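There are 2 protein chains.
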Amino acid sequence: MNADFINPFLEALMNVLNTMANTPSQPEKPFLKKDSKAKGDITGIIGMAGENIKGYLAISYTEPVILHVASQMLGETFTEINDVVVDIASEITNMVMGGAKKTLSEKGYQFGLSIPTTVTGKNHIISNKTSGPTIIVPFKTEIGDFFTEICLDN
Amino acid sequence: MNADFINPFLEALMNVLNTMANTPSQPEKPFLKKDSKAKGDITGIIGMAGENIKGYLAISYTEPVILHVASQMLGETFTEINDVVVDIASEITNMVMGGAKKTLSEKGYQFGLSIPTTVTGKNHIISNKTSGPTIIVPFKTEIGDFFTEICLDN
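Just so you know, the protein sequences line up as chains A and B, in that order. The first sequence begins at 13 in our numbering and counts up by one. The second sequence begins at 13 in our numbering and counts up by one.
If you are wondering where the hints come from, they were derived from the structure by calculation, not from laboratory data. Honestly, I wouldn't trust all of these hints.
[What the hints assert, rightly or not] Some chain B residues near chain A, calculated using beta-carbon distances under 10 Å:
hint, residue
1, K66
2, V131
3, S139
4, T153
[Claimed, not checked] Capping the alpha-carbon separation at 25 Å, the derived lysine to aspartate or glutamate pairs in DMTMM-like fashion look like this:
hint, chain 1, residue 1, chain 2, residue 2
5, B, K45, A, E103
6, A, K114, A, D16
7, B, K141, A, E23
A quick note: this is a predicted structure, and the numbers were derived from the prediction, not measured. Think of the CB as a built atom: it goes at the ideal place given N, C-alpha and C, for glycine as much as any other residue.
The task is simple: from the sequences and hints, build the whole structure.
Written out as structure tokens, the structure is:
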């Protein structure tokens, strides 16, 4: 997995958060997920499956970050993760994947998408079992950090 | 989504739990996931993506059920959800999907698979946002209940 494949996800994510939620974010140094257990309170996951590509994108937020993003997107104040906030997380995953898929398709990566799922639950952990690499990219915002996980087996 | 598509998952699941974990299970009446919020402590999720198929399979267990299954499969006693138990949940998702995919492929359903993810976290909830139906099938075992969620948008 190279930067060519990763960058479209990061760019799409920054773009979505910036334009839709007025929340600038900055990617930090990516690292390989090995024994690290990144925990989130809400995570959007979407699977990719193509002839030569198997993988997923996960975007995990702490509660304060997603509440801020949802509040900014809808112009009302959210103080807990409710159904609307879950929908927002789902929608962001969709938009990020949509943007990344378009760019990747132009670069010759072809794949289909599963239906996005959103997991809510205090401090949950996402694991996988694959021979391929899983890259975690932490993001910084003024409200706090969140992270993106990109897993690819090709 | 019809029984033709659902049944291979249920049969594969019963078969895997029975033969690999010596844990007979019985499906109960399926229902449409709407506002219901089924909660689990550990969930294996795998996405499906094909030309005319988008969806996922999720298998959610409470802690006592997965600990029993893992203990039966490996012949040692597990008292908490650790990395080995997470691997077992992942492996079961894989085997069930593998079995179902084979049967479905013979029936003409063609799709690729994403990489399975396993979510751990007390009482987490899986949500989705799709126009297609999501079917929840509860299963009964002598240790307790667990459930399977099949979502298909085609």
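Status of each hint after checking the structure:
1. At its closest, the beta carbon of K66(B) sits 5 Å from a beta carbon of chain A; the interface hint therefore holds under the 10 Å criterion.
2. Because the smallest distance between the Cβ of V131(B) and any Cβ of chain A comes to about 5 Å, under 10 Å, the interface hint for this residue holds.
3. Using the Cβ-Cβ criterion of 10 Å, the hint placing S139(B) at the interface with chain A is satisfied: the shortest such distance is roughly 5 Å.
4. Against a cut-off of 10 Å between C-beta atoms, the interface hint on T153(B) is violated, since the closest Cβ of chain A lies about 23 Å away.
5. Distance check on the hinted pair: K45(B) and E103(A) sit about 19 Å apart at the alpha-carbon level, within 25 Å; holds.
6. About 13 Å separates the Cα atoms of K114(A) and D16(A), which keeps this hinted pair within 25 Å; it holds.
7. Only pairs whose Cα atoms come within 25 Å are accepted, and K141(B) paired with E23(A) is accepted, the gap being roughly 24 Å.
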